[in-house]
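Trainee: Heads up: the sequence lines are chains A and B, in that order. Once you know that position 186 of the first sequence is 186 in the numbering used here, the rest is easy, because the numbers rise by one and skip nothing. Just add 205 to the spot in the second sequence (first one is 1) and you have the numbering used here.
Honestly, I wouldn't trust all of these hints.
Computed list of chain B residues with no C-beta within reach of chain A, every gap over 12 Å [stated by the list, open to error]:
id, residue
1, 299
2, 329
3, 347
4, 447
5, 469
Calculated lysine-lysine pairs in the BS3-like style (CA-CA distance at most 30 Å, straight line) [said to hold, decoys possible]:
id, chain 1, residue 1, chain 2, residue 2
6, A, 173, A, 43
7, B, 422, A, 159
8, A, 159, A, 202
9, B, 429, B, 488
10, B, 325, B, 341
11, B, 429, A, 159
Among chain B residues calculated to face chain A with C-beta under 7 Å, some are [to be verified]:
id, residue
12, 208
13, 214
14, 245
15, 264
16, 279
17, 420
18, 422
No lab work stands behind these hints, which were simulated from the structure alone. Because the structure is a prediction, the values reported are computed rather than measured. Quick reminder that beta carbons are idealized off the backbone N, C-alpha and C, glycines included.
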Amino acid sequence: MIRIGDVLVSQGEGGVYNERMLGGARVWEPYRSKLAALYHVGKGIELGPAQRVLYLGAANGTTVSHVADYTEVVYAVEFAPRPMQDLIEVARRRRNVIPIMADATRPDTYAPLVEAVDLVYQDVAQPDQSSIAIRNSVFLKPGGALILMLKTRSVDVRKDPGEVFDETITALKAAGFTVQESVWLIPYHQDHAAIVCIKPAKPRV
Amino acid sequence: MQSYWFGDMEDGCCLPFTGDVNAVVSRIHSLSTQMDTFTPPDWRQAVACGFCSDRADYIARLQAVCIAAAERSVREHYSGKDAELLQMVRTLDEMDTVVNILSERAADWYMVRHPAFSRKYRRTPANILVRTIREKSRGALGRVAGEIEQLTDTRTALAKEVSARANEVLPNTSALIGGLVAARLMANAGGLLPLSRLPASAIQVLGARTALFAHLKTHTPSPKHGIIFQHRRVHNAPRDIRGRVARVLAGKLAIAARLDYFRGVAVPEFLEPAQERIDTAGKSEAK
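Bound conformation, chain B alone (with noise of 0.2 Å):
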């Protein structure tokens, strides 16, 4: 037997399907197909079987049918937890790149306003320097650097949210890492469940694309590590051992995406020996 969206086929004779689009959609997604004895269907089954009364209607139908169906499936696609936490993360990074261009610009607008200013020897933080531009400054650099202190602000508070809702949608790998960088790890996999099915040795570089494809390519060392590096266990460790707490964090860090994906709770049995074993890293082993 072969089946169609239309309807059955069996020995010449058709049974056409009879529902809405709706039904039809439903219809489609259930079939499964063996590909060895598929034959493609034709339209004339379909006006022979009753279901259309020409070609045009035959496409016409399917169309309305497949648009329906790549609706649902967009729209369920959309419908995890973590496809909006994906689009914030990505804004988040894309702001501060934003504020960083706009800050160095507007610090060097401001040079040119005062020949004698200069940063050497100062320290002073970017958004202390933005502030002294805006109270400083007339006209549109003042507006400018103004508007660069907006958006630190919308930038910082967005952050927050990141973070809250990591916690919610990652409690595991939050837990592990903390909420910022576990969203930065899940956005840089394209989302939860393809974070989920990364091997830890994948995870312990994700974010150093540009060094792993050049040791793919030429043979320079591979990264030790790349989102995971923000982690204070790994930036703080000395750099011997750097490699190693890494790729322990890493190893704990690919348990807690699968934990959640597939329960979505925090599992205090395996976050506290994980969370233990992070800590000692390195440490037993440098002996």
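Bound-form chain A, shown alone (with noise of 0.2 Å):
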């Protein structure tokens, strides 16, 4: 990841939503970004140019952006109208920002579009976020990397969000994912963490 000083940059064209640039690069803030407060409270997965990643509810295309200026090709995937406008203006200007409007819990209506990745991230308020996460890996390239930023209050507000998160983890052992990481996204935002898991190199016989 590129810094510059303490502050995460990526480089590329600027403008997208008025964001700070700084040494001809586009500050990418932690507050605003589930995924760049990742990158400072914890270690992530290290972005590069040769990566081709699946984006689940991709939103306004704030983050996809920055992840379009490290990556090869970040499918974005997003299921409301109103954000998918600013995602296609997004898409126009970026030529490796792939817009699908379509509903991440349903992976069969965008599988004709979306080769396998090597990493899989998903930001979507929904209850089912693990099992939409382990549905969604099948895109996923053995030994691939799944960022899953789960959004307690979305899943059931009465739980405690610690428990959560206990269950969203022990889901995804059990679907076959090594977790490697997982952090709450204090001070940047509350009641998210980030879980960063493997998909193992050979699918367990």
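If you follow the hints, you should be able to join the two separate chains into one complex; please do so.
Mentor: This is the structure:
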């Protein structure tokens, strides 16, 4: 990851959302983007120019634009029409962003479009976040990584966030993932956790 | 066989799809994929097919197709009659808030200029007060009061339009509860389709979000009504049967919303008995 001093940045065309520029690079704010927050509180997954990424819950393309600065191609899935309009605009200006208007709980609707990827990044406000991740792992290459931004309040507002967190980790392990890192995004985002896991190189028999 | 956006693959052989961007968009909407036997597409297959020349070409063409597909989906999403009504209702509610805040502020400002002025024991309606402020104040305060009055006029006109549009988009729901309240219910649910999918129990407490979550989290008493409190049968009902009336009304509204979505015209065979049931709700049961 590129840092100027302590500031996380990405190299690309600026002005996407009036982001601050620093020495010609785009500042990637941890308070705005959960992925940027992960790179501040934890290790995350190093992004590189050879990587192909499936991004679930792309919203209006703010974080997508930074991921696209680092990687080869980003398949950006978003369900709601309003943010999709912004995402399409981002895609028009970046050759490596593929916008897909579809429901992340239904990978079969966008399966013919998405090639095998090195990283699945998921940030969706849905109750069944672990099963969405597991269903989308068909696109993940063996040995590829999954970054799950767990919105505990979307799973169940009544439950304790810690409990939701433990249940999600258990579900991911049961599906064959190896959990590499799991951190809370405090102080940048409340009740949000990041879980980084690896898909095993060979499927379990 | 595996079908991808660029063509069909069978036993290692590939049949490229021919057609322009729009044809490919229609194709991807029509494909159905079995996920248990699915393997993701590979750009090299598309090159071997003769569909594209290299990796860059593959991505460029895929992007063009996906942008066109997304644009088409967005357009379809906004083509429903409820999409604009939703924005109208939300604008209306925001205007109410703005008018209230500005009126309060203008009144405070006016009281600074007139230290002897008080609103106590006068029962002056807000719009009359704003008019007085406009007439009696010089400079910016007078102009602000004038703007508030204009905003109120625009708000009234918008409310009429909302009501008329709701009668058209939600004929059955509007007949039971009035256009404005019907439109608010629809906006709160997020559209006509989501409203028609809600159970009656959810419609009953639409708009009582804070109370509902307080109930779920800390077991305070559950809310009896949300937006539907605005219906006269609910807010005029005696306190002890209000919950009952709200429940009956919500039950009928749930049916009405489904009729609105699936038929789109008023259904008298449903409306008359439903109206009667709502009118007698609580009365016969209270015996």
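Trainee: Compare the structure with the hints numbered earlier in the document and write down the numbers of the violated ones, lowest to highest.
Mentor: Hints 8, 13, 17 are the ones this structure does not satisfy, whereas the remaining hints hold.
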